[in-house]
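Add chains B, C and D to chain A, keeping to what the hints say.
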Amino acid sequence: MSASLEKGINALKQQIDAPIATFFSSCVHCGMCAEACLFYTETGDPKYTPINKVEPLRIIWKQEYTLLGRLGKLFGIGETVTDEMLTEWESLVYDSCTMCGRCSMICPVGNDIAYMVRKTREGMAAAGHAPDGLIGASKRAITIGSPMGVKLPALQAQIGHVEKDTGMKIPVDVEGAEYMCLLSSMEIMNFPEYIGAIAKIFDHAGVSWTISSEAFEATNSGIQIGVSEIAAELIQRVVDAAEKLKVKAVISPECGHAYMAIRWEGPNLIGRPYSFKVFHILEVLDQLREQGRLKTRGMEKARLTYHDPCQIARRGGVLEQPRNLINMIAENFVEMPDAGKMNWCCGAGGGVSTNERADEIRLKVFQRKKDQLDEVHAEGLVSACSNCRIYIEEGLEEYHMDIPVLSLTETLAEHLVDK
Amino acid sequence: MTEVEFLIWVRGPGFQIASVIFVAGLLLRLFEILMMGRKANLAEAKGSEMKSGLRTILSRSLHTSPTRSSAFSQTAGYIFHIGLFVTILLFAPHIMVFHDIFGVKWPSLSTTVIDAVTVVTIITMFAVLAHRLHNPVIRFLSKPHDYLAWFVTILPLITGYLAFHRVGMTAPSLIAIHILSVELLLVVFPFTKLTHAFTLFLSRWYNGAISGYRGVES
Amino acid sequence: MNSRAQFNIQIGDELTWNVQPLLHEVRHALKQLIETGETAIIDLRSIPLAPGEEQKLIDTLGEGEVHAGLNALGPSEIIETRFSGVWLVTHYNEENSIISRFIEITEFPDILKSQREDMNEALDALEQQLASNQIADAAHTTSEADQ
Amino acid sequence: MTTDSSRKDMTLGEVLRSQGISRRSFLKFCAATASMMALPPAMIPKIAQALEQARRPSVIWLSFQECTGCTESLTRSHSATIEHLIFDVISLDYHHTLQAASGDHAEAARKAAMEENYGKYLMVVDGSIPTGNPGYSTIAGISNVDMLMETAKGAAAVIAVGTCASYGGIPHAKPNPTGAVSVSDLIKDKPIINVPGCPPIPVVITGVLTQYLTFGAIPELDDIGRPKVFYGQAIHDRCYRRPFYDKGLFAETFDDEGAKKGWCLYKLGCKGPTTYNACATTKWNNGTSFPIEAGHPCLGCSQPDFWDGGGFYKALSIPTEDITRDIIYASAAGIAAGVAVGVMNKTRKNAAKKAHQKTTIDDLEK
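Chains as they are written, first to last, in my numbering: chain A, 1 to 419; chain B, 1 to 218; chain C, 1 to 147; chain D, 1 to 366.
Chain A extracted, bound-state conformation (with noise of 0.2 Å):
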């Protein structure tokens, strides 16, 4: 056994508990989950089931968590994991599924298959099973700040930008302000408008934040990979920041991953609860708007719809408030089938995106997003996360579909009433 498959095999005992033992021993191997999710649907490839995808940690699990499996592995007899194995299961585990959690919405005897990949993801990439294209986003979300390589000089000569176009100030590094904003690399690369569209909206609600230089960065590549130190390294940057501001909350930006990140996993990595609150932008903006803060005008006139994004909604429980904030600025506001927490997921999410062997069955796959805006004649899409809006025009376009894809939070911003 090569050194790398032992350090991987130990991960993924280290892995196991009991809600990991339960799932296992619960499975009856119905086949429902595989209609659950995309890559299946999309492609009717058995393989794509989602709990054959988290056949190794099965496998450790039998034999060295069970009576049975461990006569078995005794006598030599019961599967074993393998490089092999590892090898075939690598595009299983990390270019065919999104951690989107559909499956464990489904599973009858309640597996929560996601939490199983993104246990069985902690094996992988600890046995070097890790596809490149994940290792380049961790490597450099550690040594340079950012999976794109964004650079402090790079955020501030968005800022710079972003200040002239709007002429407000982008508060950076205020200590004591009420919330410290997070962004994505996406976001200040691709959609430096999101940056405009908070400073305006917390300027119209009389709201104190902050930018930090030294943790601007939302997203969490290790958590995609699936490597607990990398993944608590760049949480505790952020904290760090955080408590160093002395903020009350932090914000994480329209990035779904980004919010599971700082959100769930981030206290249970650094092994202790933050002396802060983390929001979702989305949730800060429905506060604001059951507070009466925000004062729109005009609607949108065109049959806007929502895409969930599977790490908010169903994976984050922000699932009311987009329909209340876009209630207030659109007139023709329509819902895809399976909406909210069963929405289906872009496909590009829980590192995908950042896989380029992923690309081809990412855009197969999206199929199924195409199908469900044919069914409401969407001629507008809203959503809450840059990964999903930039991967879902690619996808509009390569299906040649002429859909808008707009920021919730930026589409909010152009409605709000002149001070």
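Just to be clear, a hint being listed does not mean it is correct.
Have a look at the derived ranges for each label pair, beta carbon to beta carbon [to be verified]: (1) D:Ala351 <-> A:Glu243: 33 to 39 Å; (2) D:Lys358 <-> A:Glu243: 50 to 56 Å; (3) D:Ala336 <-> B:Trp9: 27 to 33 Å; (4) B:Met50 <-> A:Asp203: 41 to 47 Å; (5) A:Glu88 <-> B:Gly168: 44 to 50 Å; (6) D:Leu186 <-> C:Glu127: 57 to 63 Å; (7) D:Ser331 <-> B:Met1: 27 to 33 Å; (8) D:Gly132 <-> C:His24: 55 to 61 Å; (9) B:Trp9 <-> D:Ser331: 22 to 28 Å; (10) D:Ala355 <-> A:Glu398: 42 to 48 Å.
It is worth saying that the hints were derived from the structure and are not from the lab.
In this text, a Cβ means the ideal position worked out from N, Cα and C, and glycines have one as well.
The following block gives chains B, C and D in isolation, referenced to the frame of chain A:
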């Protein structure tokens, strides 16, 4: 061994062996699972784990399926699970076994109803097997133990039906074979996916808890 | 009937399952008899009757026009029920307990017919009787002549 | 004796006729016989024909480890006419309970009957045969096994009357101190008809005898040697209380409403479902009643090992051992083993944690 000695054995030592393996095996498995433990969640909760977990235990029995293939699995699943509950728990001679062991009893259904339910359950279970062999996903996922679990589950239904209608053999043999098939089920139970009958409460609870903690009903 | 009181078993009308089907069987057999002339016999000992059911059945069938008795190895009772063509045949032993009971669907129960063997014997007996009478007569005349 | 020996050559029809029994009486007898043999009434003419031609067989009746209940049953039978007729026509040459002769004379009668009818006589046995100490049961100083084997040699067929002769019965019950066995355990080369029951229904005994006499052949037997015509159906399937079982109406105790209403006795331990006998149709005491009709569950007396079946009053589905106790022990063992395995798992997981090597970005490359 004569058929009567066979019947005496399955009602006596056979039943003892099977019950002991079943109970000890099941508890062993449950402790094996639960003692793996779970780290406390340090993130601030959006909802109650307990409430959501309990809700999911129930709601996963009620939710509807999106596709036709799943719709079959689900409908057939309902039928044969309800069938198993009815035939196991509402047939007077079976209730007597529970009463003898646990000291509790409840009303029974007429044998005509039990008989009809048995037939429906057997047919459904064959349909489930056909589906398993025919559906590409389920066939792909199936391992020998899946077929073993199916076999040991349908066996008591078939032997029970044959015993009730006295098909092929005399009553003591048929009843003995029926009891033996139940003993086989009991012995195999803790070490196959059949444990889901118990562990699904745990897994649904965990699923609901994980989701509920994040403020989502699963 | 006594056994009911004795064992405290309460049999209501709704619980006598065998009477109704048996009467149906009799109806079928009677129809068959009328249409094809085929006779039928039902052995009441071969049917698992509940306490009181036999009496109920007999009461339902009732008594018709013919009531005959045998005296052959104990008595027998042959009754045409109030349904013509349906007979109730009960055989008793010499101690007057029932040894068998049949419902016969026929124009005339065979057991009532005189049997060829018996008739042959009867003929012999009758001839013997006559012969012995002749001898007696002859003897009488001889003795008279002697006198 | 001269009349007797001349009668031996006569057919049954001739015997009856010589006794002045009319043809009508004979037909009545045949009707009753058909009913007794559980044959359909349509068979009556055939029975009449066969009986007329039947010849009078010699019968040697041996009683071993028994209580004489079977003989009592037979002789106390109420349909006296029929039995008397049967015994009139058979030559019961040896039956040590019923015969007048005793001692050497009795044994001489047996030897004589055997010699005279070698290969033709019918051997009837009641009681089981001890195979332990031969002194457990002897007749005229001859052990049961020896007498059985000796008498069997010239028998045309053997009828084992009662559960003891058929299957060992009560003497065979655990711990079987005398090593009691059944007739069929010892005799392998003769046709054997088992007529089990404790005791068997009298008309079933006479029915089997009559059937052998009538048709001169062994009737169709089930797997354990019983004539199917009497033992072909389970009591449960012919029980008038069966509809209550089907409706789920049971007597729970001997004096509850259910018991008074005549509901099913399954829960009181009725062995009707596993017992094959004619009780439910033929009934006892001349068709008067049978145990279930009298409110008592069937004991299953016509089945092998009925004495060791886990208790007369324990329902058939109930395990015979104390499973509750076993489960308590099993729970303790299961929990202990589960905790032990759990601790081992925890140890393994902790070892894995200890063996954990930090994964840095440089480790990610293969």
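Structure-based check of all given hints:
no., hint, in the structure
1, D:Ala351 <-> A:Glu243: 33 to 39 Å, "35 Å, holds"
2, D:Lys358 <-> A:Glu243: 50 to 56 Å, "24 Å, violated"
3, D:Ala336 <-> B:Trp9: 27 to 33 Å, "28 Å, holds"
4, B:Met50 <-> A:Asp203: 41 to 47 Å, "42 Å, holds"
5, A:Glu88 <-> B:Gly168: 44 to 50 Å, "49 Å, holds"
6, D:Leu186 <-> C:Glu127: 57 to 63 Å, "59 Å, holds"
7, D:Ser331 <-> B:Met1: 27 to 33 Å, "31 Å, holds"
8, D:Gly132 <-> C:His24: 55 to 61 Å, "58 Å, holds"
9, B:Trp9 <-> D:Ser331: 22 to 28 Å, "24 Å, holds"
10, D:Ala355 <-> A:Glu398: 42 to 48 Å, "46 Å, holds"
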